[in-house]
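Given the coordinates of chain A, assemble chain B onto it according to the supplied hints.
Just so you know, the sequences run in chain order A and B. Sequential numbering from -11 applies to the first sequence in our numbering. Sequential numbering from 46 applies to the second sequence in our numbering.
FYI, nobody ran anything at the bench for these hints, they're computed from the structure. Predicted model only: the values in this text are computed from it and were never measured. Cβ atoms here follow ideal geometry from the backbone N, Cα and C, with glycine treated the same way. Hints are all accurate, no fakes.
Residues on chain B that point at chain A, a partial pick, calculated with CB under 7 Å:
1. Phe541
2. Asn551
3. Tyr557
Covered by chain B, per the in silico footprint, the following chain A stretches (three or more residues, Cβ under 8 Å):
4. 79 to 86
5. 91 to 103
What follows is each chain in one-letter form.
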Amino acid sequence: MGAPMGLLEIRGVVKSFGGLRALQDVTFSVGQGEIRAIIGPNGAGKSTLFNVMTGLFPPDSGEVVFGGERISGVPPHRIIRKGIGRSFQITNIFPRMTVFENVQVALFAHHRSSRDPLGMARRYPSVAAETLDVLRQVDLAEKHELSASILSHGDQKRLEIAISLASRPRLLMLDEPTAGMSRFESRETVELLRGISREQGLTLVFTEHDMDIVFGISEKIVVLQQGAVIADGTPAEIKANPQVRKAYLGEEIQA
Amino acid sequence: MAAFFDVSFLTVQVLSALRQAAFLFLISSGLTLVFGVLNILNFAHGSLYMLGAYFIYALTLHLTGPAGFVIALLAAPLGVALVAVVIEMGLLRRIYIQEEIYQLLLTYALVLIIHDMAKIVFGPEFKSIPKPRAIGGAVTIFGGTVPVYTLVVVVLAPLVALLLWYLLYRTRTGKIVRATSSDREMADALGINMSALFTLVFAFGAMLAGFGGALAGPARTVFPSVGTEVIIECFVVVVIGGLGNLWGALVGSLLIGTLETVGIIVFPEFEMSFIYLLMVVVLILRPWGLFGRPLKVKALAEKNLGMEAQEISPVHFSVRPLVRMIPLVLLLIVPLFAGRYYQYLLTQILIASLMAVAFNLLLGTTGLLSFGQAAFYGAGAYTVGLLATKTGIGSLSSLLLAPLVAMVVAGIIGFFCIRLSGVHFAMLTLAFGQLVFAIIYKWYNFTGGDNGIQGIPVRPLPGGIDIGSNLSMYYFALAAVAVAVEILRRIRSSPFGATLKAIRENNQRAEYLGVNVKLYQWTAFVIAGAFTGLAGGLYALMEKSISPDIILWTKSAEPVLMTIIGGIYSFAGPAVGAVVFIVLNSYLVAWTENWALVLGLILLAMVLMLPGGAVGFVNEKARGAFGKMGWVRRWAFSKSGAS
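So here's chain A without its partners, still in its complex pose (with noise of 0.2 Å):
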């Protein structure tokens, strides 16, 4: 098509269980540093296609690219270190692990000095640094002592958020980032992302509830509907779309 390639590529990914066919023939994609969202009614396959894009399971057919090369099929441990994070829908962290532990183990994994079954993790001056340094960017620092399990829900997404920035991906992949937050604590996360995208380049793509947030920073927005894309666009095209409107979105995007 002469169009240049995006960062990620999803093309005509299928998936079905059992008899329930949860993604048709789903294709877009996603530009370097753009920050996309994915929306939908429940049930619509936004989880499902997260969880292909991240390697959790292959598509039935179809192929998903990532910075050229196809990463569908690929188990989950690759796909990270070729530069992607993800953050979970339920809070994912390492509950009985301290804040600075939760990152620092990350860190480990992406210096690959966790295979170092003989040195001290203390011993690790620059990856405590840096661990310090990644809590500091989700202003997490102050509590690195805390156990993961106390923090608050905020924090918790927060933290999550930091783990999975801790490789240095080129991609963040947020299930529902702010599901279960206050407002407040919502809007903080939204700054939080945006300023982290703006400053180091880095492409997100998200689902999310409140249209509040969709419509606040994505750059582009693709609508699933019964696991097939209905509608991929700009937020003001979205919200534009008849058809969108219909299906989804009601009254809702008038406001």
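Relative to chain A, chain B alone:
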């Protein structure tokens, strides 16, 4: 082979296989039902079976005649159900929110307690239960002589299966049970009274076990350890069939019943290995059993987040190196002033500590509950035993080879086991352990079979250092264990160890850090196996004789118990647990015949009251107490990020 086509012979064998399958089904159907609903693999299920048999024994002492027998047959399971209600409401209910292993251990504590209680009440000897004359004789079918009682069993078991089917598929409560079994959260959301349901199902499962026991009692004999024998067989049945699946239990029972019968006829010397081999093969091909589906396991992380109140916090400070030297210094000096028996006892403690600390690299650090460590212990012990008796190799060289052999064994077993998780992982390691046991037990030409290896020569170390005496053997073991434990400690506080902890906490998240979780779990498994093998090698040198008993699954349970007693989230915990365990073992055996009862009660208390173990408890207290004496804490502990 001609005998095989003889009709009378075939009839007798088919009925014998069916009888065996019938007993297995009665017991394992209850086991699988309880697992399906409560998500607990009940170790004490075999003990409930044993109680059923003892109850009918006690009842038939007073109730005679056919009517009395029938009443006893029906009353015994009801008595067992009553015991189960007490267990569920009094004990199990308190720990549903805890991690799987605590539930498993509570039921294991019950095994120990019920075993010794039965011994106290009914005596240790074999009891036989008289059958009424009407069903005591034999009949001839197709020329084969079959006990009438066998026919009774073979007819009754399918009737019970039919009744079960009716209750589960045709009654409202049954539908609720099935719904809960397939999706607990959904059932919870529907407003089903979970605690009543749990009590009901647990009691009903126990009743099935009790009925199995009451029916089997007159056909077999009863003695206190009959429960532990039957439970392992039932584990094999339900794991092959698929945990939580009733039809799986039925098919599994028929398979195992047939295999045991055919095995005895065709390969009498390998009968035991067959069932474990079948289990291993099934689990390799179908990890969740023939009829099982992957469990809907709630992410551990999510579970932990919801249970902050019960949280067992890993210790976040470590002991200063200087303070850490204190036990070592004591270990160096004390034996000089101790008698020969105590030197031997201390050597035992050292070896047990190594086994427990190595095991905890799996449980406490990586979150893997292995129930097959005895296989690696045995591999190490037999390496030393065989090398020392069959070659002229030195004791040190044979000891160094022990962990290598154990490592290879662990590498192979681990390759298959790490594909599973949770209870399935534990069961597969158990099956492999029993398989290794069965091979060594039956391989007379090479391993000496059940005779074991006697008179293992202990040869001087290079430089002519003799380690023949108890004291020199102690120091030799101390050196080996100190080096091994220090390596294990380093591993735990290394980046590799931190990664293992991350896997324990949340293996999905760890995978998304770019960590190849399975590879790391396998590596931890192999390392733990190697050090367990070293412990086994030391044991062979210390005892100078070994028997296959050291590979039995009860040996695998020992490091689990030690670790829980001492504390799973501290490095020293398992070693402290080993001290407690060995001391209790040595003294209680001299002091009372019922040391299992005492151990069971201690374990029960630990699980219910101190899930952090003894060391966890001391640490908690120490934090409070040392707050008032800051200088002690500053002197003894350094704060560290690594727990």
